[in-house]
Amino acid sequence: ILDVTATLAQNQVVIDLARRQRKPTGEWGPLRPWWYAPRAAHVKYDPEDRLILALLDEAQGMSPQALYAPAMTPSTSSAASSAANVAANAEVPEGEGNGEPAPANGASAEPARRLPARRPTNSELRGTRRFILRKDQVSLVERLARTGRLRLRRTEGEDDPPTIRWDDGQPWRFSLDLRSEMGGKRWAWRGWIRRSKDRMDLSEPLVLLPGLLVLGVGRAARFDDLGVMPWIIRLRYEKEITFVEPQQDLMLGRILAETRVPPSELVESIPFDEINSKPRPSLTLRTPRQNWGLGADKLIGELEFDYEGAVIPAGRTTPLAVSTEHAVVIRRDPKTESAADVKLFELGFREAKDPRLEPGTLELPAKRLSQVTKELVLAGWRVEAEGKLIRAAGEFKMAVTTNIDWFELDGGIDYGVRNVSLPELLSAVERGESMIELGDGSMGMLPEEWLKKYGLIAELGTSDSGSLRFSTAQAGILDALLASQPEIRVDEAFERVRENLRKFEGIQPIDSPPGFHGELRPYQREGLGWLDYLQRFGFGGILADDMGLGKTIQVLALLQRRRFRRQAKGPTLVVVPRSLVFNWHQEAQKFTPRIRVLDYTGPGRHALRAKFGEHDLIITTYGTLRTDIAELNQIDFDYVVLDEAQAIKNAESQSAKAARLLKARHRLAISGTPIENHLGELWSLFEFLNPGMFGADSVFKKFSSGTGAGLDESERQLLAKALKPFILRRTKQQVVDDLPDKTEQTLYCDMDPEQRKLYDELRAHYRDALLRKDAAELDRSKIEVLEALLRLRQASCHPGLISAEHAELPSAKLDMLIPSILEVVEEGHKVLVFSQFTSFLAIVRERLEAEGLTYEYLDGRTRNRAARVERFQTDESCPIFLISLKAGGLGLNLTAAEYVYLLDPWWNPAVEAQAIDRSHRIGQTQHVFAYRLICRNTVEEKILELQQKKRDLADAILNADNRLISSLTRDDLEFLLS
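Using the numbering used here, count along the sequence shown one by one with no gaps and you end on 1006.
Calculated from the structure, these hints are not laboratory results. Careful, some of the hints might be misleading.
Stated by the list, open to error - Derived Cβ-Cβ restraints for the label pairs, each shown as a range:
no., residue 1, residue 2, range
1, L375, R162, 51 to 57 Å
2, E414, P238, 14 to 20 Å
3, T315, P347, 32 to 38 Å
4, A355, E414, 32 to 38 Å
5, K639, P451, 35 to 41 Å
What the hints assert, rightly or not - Within a straight-line C-alpha distance of at most 20 Å, the following computed SDA-like cross-link-like pairs (lysine to any residue) qualify:
no., residue 1, residue 2
6, K306, V370
7, K914, G888
8, K371, G408
9, K914, A941
10, K416, P537
11, K163, T33
12, K752, P537
13, K416, E330
14, K381, D334
15, K914, D945
Built from N, CA and C at the ideal position, the CB exists for glycine as well.
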């Protein structure tokens, strides 16, 4: 008998057992309570009763086998011959006695199976007639109802409760109905029970439990609570629950997270879509209203995540984000949210410890506000600081118009709420501000990249009534500055200029002209095409090919082409160092014999000026140019060519000033090293080539920061883009296609504590000894400086190079080198090992011998060099060559090697390059791998940085090597000993 009152009180199905007996008249007697004692189960019951009782035993923790042990005999009685109703885990009422069900009709009694001997419990002795079913046992109700064994008692004392019939239809399901009130500011929740088109109120069933629904008409059916039974219980008793925004979305997210079905199956009143979406982090920063123990220099922050309009505080644990307004359910992205937490931690946020603050509140030093705001907004976060929303800059709107001899730039930035004009932006930047008021209470960030470009634009252009003016010579730099702005509007005239600049990318090679004696190589024909491009559009440029690639020949081909096509308007003046005068004469006679050459040098040269018109090529020196500029600037030349143009790198030199005074239709510079020390040298060259291109000398020097150290990567890229059409540089590696590729890599080693201790002691000693000297004393202490650097470099290689007593100490480089060599040799490759220290090579020899490896060795004292090289080149059993850097850096051809190890760096990168080139040279058919071994946090790292400072400057613009600075400054020494 299912007891409704007890079931509702327990919130679980409560079953009482009862039985009745047939009277002699054949009628059934009244129902009477029946106490079931498992240990008294020695009668053979009806099979269905036996099964039900077995399930009762299981409910009480007994194995069903205890009842099923005797063989079951099919019963001939009807299913209604006896009835039992089940439940589990009930308290047994005091004073209720034992009872046993009657045997089934026609069945003989069987002896009970003997159970293991143990002391029986009181419950087992008394028997049980009430059971409380667990959730997983509710299916037993269905079994009882289907066999007519289940009745429904709605009130106590009901003598003949009605039978419960089982409803075989589809399960009833819970459904949540959402209703908007007060214009969406409040939401009402109501629950229903649905099956197909039928619907009933949650209060209608007498019993409503997970898996089971019982109606007052004595009908039971399956019920699917969708996993949200606690919500159903609440709605069943409260009828309706109301939530205000934003609680509505939060609570709906909780119930949807608990259910096991899609949102559309739980909530039928709103067609929710379940989507996956990445959140937008949202950070609110403010000064605490009370100190809360944070200190006056702290800000507090609250992190939230915006999922398509559903905003979830960072501390919420629900896995779903809900936006009722947009009818979407979004599964939260814990990976993205965790990354946001990590980002804040990296930026200096920490969790506030004061218990009076909300859990999860963050704190940040106030001084970091500007940096943090900028970084997060640029990363796409929503950031509100002190009640003001911070907006990132939108698209740039720029326009260029062309006037008689200048270009005019106008425009601004769109922040969404309004456009900020170029004059406003310029004014904000001039005041040193990083944000600008937008008028709606929000602040607009001036993008850092734009600020840098503005710095160049403002310096290179001239401000005029809210716009900027640029000279026609600055078309290239203006185009580079504006290249990243896709929405820029330009007029037809400026577009033609831009198109001409773009044609540099598509320059076609030009064959040597008639009258040119010789054959131009493919890259030289491309060079001739570039020179023709400059000529056609009136640009000056720098031919900056590597030495030996024929720069002079390419210029002579250009001059011969102009002569043949009768384009030349007057002679060409070539200015060269004195040592190159004869070379130009010789090259011109060899390749362009029809070009008439005049040597305008020496004491008798003045009489030759009258003959300039009879010649095609005038050759003079920089010294003569300086002396005769007053006369030479009176002549209109067709071309002025400066060979070894680095001679005018100093804009204040007499040579540079004289060169700028020359008049010519076209200008050209030839230099393998147009940048030897700093980018400011380019201003002098381009002021000769394209006057006014980079504005005033002071502006370009500010841009280049003297040594170039002030340029960041974006500025270097900008300068490189602006200069690209005007500088042509090819290296030997680019044009000699039979030279294989090489890969260079720096391998960093970490010292063991013993080696580190020795190194740090040496560094401290020399730092104290040297850096306390004044500049004059330091200048007289070069030997001591060299000794200090030598000793520190030796300590980086191996402690044994400092003293024999340290020979047994570990070496980080050796520990990395030997395993690497073993692996390479085992794979069948050959190896070169270079070091400046023969004492270090001696230690390497000992390790190689200990490993049983064959090697060759060469230093300055080695005899029979050729035989040793020949053995390494041809003997497969000799895979390693140890070489002193100075002894083997030149003159050796070791193309059998594919791997090169440089054990210690040297000041001049060219020396290392020569060592690598022992393997990487013509005749090499394999890819060459070169490795530099560098000890971390030592003078070796500092040497590399000094190399890069002197080499990267030009590499960034020209991709070429430069002359190295030959001496160390005090700053360099402090850097090396730091």
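Taking the hints in turn, this is what the structure says about them:
1. L375 to R162: 51 to 57 Å: 52 Å, holds
2. E414 to P238: 14 to 20 Å: 51 Å, violated
3. T315 to P347: 32 to 38 Å: 34 Å, holds
4. A355 to E414: 32 to 38 Å: For E414 against A355, whose Cβ atoms are near 35 Å apart, the range 32 to 38 Å holds.
5. K639 to P451: 35 to 41 Å: At 58 Å between Cβs, range violated.
6. K306 to V370: 16 Å, holds
7. K914 to G888: Roughly 8 Å separates the two Cα atoms, so the pair holds.
8. K371 to G408: Distance ~13 Å between K371 and G408 Cα, so the pair holds.
9. K914 to A941: 12 Å, holds
10. K416 to P537: 59 Å, violated
11. K163 to T33: Holds. K163 to T33 sits at ~18 Å (cutoff 20 Å).
12. K752 to P537: 18 Å, holds
13. K416 to E330: Holds, at roughly 15 Å.
14. K381 to D334: 26 Å, violated
15. K914 to D945: Holds: K914 and D945 sit about 14 Å apart, inside 20 Å.
In terms of the numbered hints stated before, the structure departs from hints 2, 5, 10 and 14, listed from lowest to highest.
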